[in-house]
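Protein sequences appear in the order of chains P and H. Counting with the numbering used here, you get residues 1 to 271 for the letters of the first sequence. Counting with the numbering used here, you get residues 1 to 239 for the letters of the second sequence.
If you are wondering where the hints come from, they were derived from the structure by calculation, not from laboratory data. Backbone N, C-alpha and C define an ideal beta-carbon position, used for all residues, glycine too. Keep in mind that a hint or two might mislead.
Computed spacing ranges between beta-carbons, pair by pair [what the hints assert, rightly or not]: (1) H/Ala36 <-> P/Gly12: 18 to 28 Å; (2) P/Asp95 <-> H/Ser232: 50 to 60 Å; (3) P/Gly170 <-> H/Ala36: 50 to 60 Å.
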Amino acid sequence: MSKVLVVTSGKGGVGKTTTAAALSAALAGEGKKVAVVDFDVGLRNLDLIMGAERRVVFDLIDVINGDAKLSQALIKDKRIETLSLLPASQTRDKDALTEDGVNGVIEELKKSFDWIVCDSPAGIERGATLAMRHADVALVVTNPEISSVRDSDRIIGLLDSKTLKAETGGDIEKHLLLTRYDTRRASRGEMLKVEDVLDILSIPLLGVVPESEDVLKASNVGSPVTVSNPQSAAGMAYITAAKRLEGADLPLTAPTSRFGFLKFFGRRAAA
Amino acid sequence: MKARSLLAFVLQPDGELTDWLVGLDHWLKGAPDFFAGRPVLLDLSNHTVDRETLLDLLSRLSQRGIRVMGIDGVESAWLPMGMPPIISQARQAGMREITAAAALTAEASAAGEEKPGDEAAPSTEDLASGGKTLIIDGPVRSGQSIVNPDGDVIVTGAVSSGAEVVAGGSVHVYGALRGRVCAGASDDENARIFAGRLEAEFVAIGAVFMTAETMDPLLRSKRVQARLDGVSIRFTTLN
Ligand SMILES: Nc1ncnc2c1ncn2[C@@H]1O[C@H](COP(=O)(O)OP(=O)(O)OP(=O)(O)O)[C@@H](O)[C@H]1O
Ligand SMILES: [Mg+2]
């Protein structure tokens with residue numbers, strides 16, 4: 001059974017695309033067949049982060065419009081055989097993203113992939129709601145600051161009401177991924193602590209990705225951090241998150257600046 | 001044409017209009033988005049205003065982002081086309097349910113201005129049927145709006161920052177109350193607000209409002225109830 005995962009946040013620039021790339025590569029590294037789809041029409045980035053920008057011929061909108069076959073538009077990753085990218089269009093109008101069109105693409109992807117990872121645009125408009133529409137699992141990417149947390153809260157409300165799963169009476173699986181976490185700043189009270197974010201959002205925590213230079217370096221060389229530097233703290237956080245998504249019973253760890261690894265205990269959301 | 005009812009806020013200026021506007025501005029500083037996207041009725045039955053004053057007042061309100069969708073207490077003959085319709089049901093300052101053709105048209109014309117995906121404004125979809133308690137099992141998330149004009153609302157989870165709950169009766173929140181709550185929205189002065197943990201941005205009972213800024217900091221994060229005491233809201237801790 002294939003699973004559709006949406007990487008979403010509400011707020012822009014919190015690390016959705018970074019996460020979609022790193023997590024897709026980590027899942028594919030485990031031997032899963034993964035397609036990662038860029039829904040950010042007009043502001044596509046995923047191809048850059050994955051180092052595939054010079055191989056884009058067709059895109060999601062071409063497939064939706066019937067101008068290209070899915071197999072023509074999918075770009076195979078050069079490093080990981082089981083990883084493919086479906087890029088967004090940089091030039092087309094966002095309105096070309098239709099509900100039926102997206103539905104068709106997702107259904108077709110489900111036939112050949114274990115995981116379909118959807119990189120959502122920021123905001124709560126059509127692009128974001130279409131990216132989450134078919135999701136079985138949602139990864140809510142949040143930074144430890146109050147505006148990001150509030151936007152994530154808003155997105156969780158939409159996940160619980162606007163997804164196909166929710167509309168048919170099901171429960172969409174939701175996970176929190178706290179990114180750009182800086183333990184020192186959190187302990188000084190300059191950022192929210194993990195507990196504070198969990199208290200507000202009350203969904204289970206999948207992982208904590210530290211603020212890290214390695215992520216910036218990785219995106220500059222066009223290689224997800226889980227590929228370019230899997231031993232880095234950020235790389236390991238993403239790899240652990242991927243394994244936990246696959247159902248592995250691993251403890252949550254988050255690197256701290258001075259004390260090595262600090263354990264967090266995932267909290268289940270009440271009801 | 002279908003008849004629909006909706007909740008509207010009634011603005012009833014008291015005293016000199018210019019003074020009242022100064023007071024309003026002061027109040028809006030504490031709650032800048034309070035009227036954003038909400039239907040507002042302007043009740044001028046305490047005033048004798050001429051047409052110029054009325055048009056001036058309307059434009060001043062619209063500068064402040066307040067969208068007047070109905071006016072009470074003025075001569076209907078004055079109003080040019082495109083102005084909010086006259087209605088005659090607003091009697092007291094506060095919030096109440098109105099059911100009127102006037103409200104319907106105003107709502108329909110306002111709909112176009114709504115931001116896409118913005119369901120924060122009270123909508124009839126969220127309305128529960130008459131007099132019953134509405135139970136929300138779980139949290140009310142940012143951007144969600146729960147409205148039960150005739151009865152109580154019980155929320156078993158938290159009410160997030162940016163979420164709102166409006167009840168004709170009392171509001172019970174078992175989790176943390178971080179958003180906005182209006183109890184007694186249909187002029188029930190005995191309505192109360194109960195919060196498992198008070199961190200509210202805004203509370204109102206009947207026509208009396210308070211923003212976080214004006215709440216006693218000692219009440220923060222406490223289990224409390226709030227009730228109306230004359231023209232103020234009185235909080236007491238619960239154990
Ligand atoms: N853990 C991290 N440490 C340091 N920098 C990070 C981290 N995660 C993301 N960034 C940086 O933050 C910026 C925004 O990241 P990204 O593009 O992934 O966000 P996004 O949520 O996809 O943005 P948008 O909403 O615009 O699509 C990038 O410059 C990225 O390199
Ligand atoms: Mg992005």
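Okay, the hints, checked on the actual structure:
In this structure, H/Ala36 and P/Gly12 meet the distance hint of 18 to 28 Å, their C-beta atoms being roughly 21 Å apart. P/Asp95 and H/Ser232 have their C-beta atoms about 51 Å apart, which keeps the hinted 50 to 60 Å range intact. Checked against the hint of 50 to 60 Å, the pair P/Gly170 and H/Ala36 fails, with Cβ atoms roughly 33 Å apart.
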